Structures are given as C-alpha cells and as structure tokens.
Amino acid sequence: MIALVAVFLLSGVTQAQGSGQEDSSTLGFGSAQADSTTSQLSASDRASGASSGQDDSMAVSETVNLSDSAQRSITVKDPDPVVVPVAIDETNPEAVSKASEVCTLDPLPTAPRVAPDVNDGTWSSGSASGYNITTNDDGMGNFGVTNTSSGIALTDNSITVAVPESQSYLLGRIVEICYDGKVVIATVTDTGGFARYGRALDLAPGVYKAFGADSPSDWGVRTVYYRFL
-18 MIALVAVFLL SGVTQAQGSG QEDSSTLGFG SAQADSTTSQ LSASDRASGA SSGQDDSMAV
42 SETVNLSDSA QRSITVKDPD PVVVPVAIDE TNPEAVSKAS EVCTLDPLPT APRVAPDVND
102 GTWSSGSASG YNITTNDDGM GNFGVTNTSS GIALTDNSIT VAVPESQSYL LGRIVEICYD
162 GKVVIATVTD TGGFARYGRA LDLAPGVYKA FGADSPSDWG VRTVYYRFL
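With my numbering, letter number 178 in the sequence shown gets 159, and the count goes up by one each step, no holes.
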C-alpha cells in the first residue's frame, strides 16, 4: 500500500514538473520572432526593390536620352544654300536694308553659296563699262573730277553705278548686279552719255573691284545681270 502511494506521488510530481517547464513569458515568442524576421525581410526586399526600380528608371532615362540624342543628330538638316553679296554700298542704309531682303548677310559657315536665279523674270542683262575719277567728266569736258549727278562724290572705292542720262529718274535707287555668280548691291548716283554705245551701266571702282578687276581698262565692257530693288 505504501509502495502504491509512493508510485502515485512520484507520477504526480513528474507531471507537475512537465507543466512547470512551459514558461508563460515565452508564449508567442516564436510567432513574434517570425513576424520580426518577416518584417526585416520585407524592409530589405523593399529597399532592394526600390534600388532596383531606381536603377531601372535611370537605365530607361539614359536610354531615352540616348535615343533623343540620336534622333536629334539624325534630324539635323544641312543649311539651305544662300546668296551672299561680295560687296554692299554700306554708306547707304537703304542699300544694306535691300541687301538683307534679297541676300543673306550673316550666313552659317557651312551654308553653300549659290548665285541668284537670274532667269526668274526679275533680272535684265546688258553691257557694263567701268569708270573712275581719272575717266570721270563733269559733262563739260573736264575729266579727273569727283562730281556726280547726285552730288555724292565719286571715290576710288565707291560701290555705285551710273545709268544712261535718259534714266536719271533712277538716281538714288538700289541696284543688284550679278557677274560670274557674284553679287554686288550698289546705289545709283550718276548718269552718263554711254547709252549710244549700247551700254546699260557704268560701274564705279568699288563695283568692278568686287568683281575682280583692277581698273576700267582691266574691266573693259562685260555683260552683267542687274535689277533695281
């Protein structure tokens, strides 16, 4: 009997100790630890994902920028051909203004230079001679004078022309002259009696020099295209 009681008590003590090992402070700790680990992993994943997304965004941005740059380089057009005058009567503001309407005064360095279309119906052609102070006369047989019909003095660099006496109404007009693909914008400042020789214009020194001649005799008489602006 005593032995049975002892066995029963021993069995009860063993069960109590088993129950006592279950610490209430540890209840749920495994779950909390799992949540913490999950939270840490989620934060890490989010950081990794954000970094990856940022890298992807930068890559896309760089690709777009490269694409835009490539597109810009492809769509750049060559400059249009331009008519550039070799000389302008810069003493006359109207000549400069008219020149800007029919020519390009500040062309791009890479822009191709071309001659104007002298067959567009606005141009005339005719013979032109040259004159200077030595060959200029005042209409009374006096040579070597600077007098002109307009009162504007003739110089060794005047970018001006004379027209036949019958066309004195053209005094002060701007004339565009084209020779050998070159263009000069000049002012009509004089008249002369050269129409009877079949000439349309008499070019002052600044004009024939711009066309490459050194003197009236070097220029001689040449055919030019011209139009009054």
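No wet-lab data here; the hints were simulated from the structure. Check the hints yourself; a few may be wrong.
[Stated by the list, open to error] Derived SDA-like pairs (lysine to any residue); straight-line CA-CA distance at most 20 Å:
#: 1; residue 1: Lys163; residue 2: Ile114
#: 2; residue 1: Lys163; residue 2: Ala68
#: 3; residue 1: Lys163; residue 2: Ala181
[Unchecked claim] Pairwise CB distance ranges (calculated):
#: 4; residue 1: Thr91; residue 2: Gly122; range: 50 to 60 Å
#: 5; residue 1: Leu151; residue 2: Tyr178; range: 30 to 40 Å
#: 6; residue 1: Glu71; residue 2: Asp161; range: 42 to 52 Å
#: 7; residue 1: Lys58; residue 2: Met121; range: 58 to 68 Å
#: 8; residue 1: Ala176; residue 2: Gly122; range: 10 to 20 Å
#: 9; residue 1: Glu82; residue 2: Ser149; range: 40 to 50 Å
#: 10; residue 1: Thr136; residue 2: Gly174; range: 39 to 49 Å
#: 11; residue 1: Tyr150; residue 2: Asn100; range: 22 to 32 Å
Owing to the predicted nature of the structure, the values given are computational and were not obtained by experimental measurement. The beta carbon of each residue, even a glycine, is placed where N, CA and C say it ideally should be.
Output the numbers, in ascending order, of every earlier hint that fails for this structure. 1, 5, 6, 9, 10
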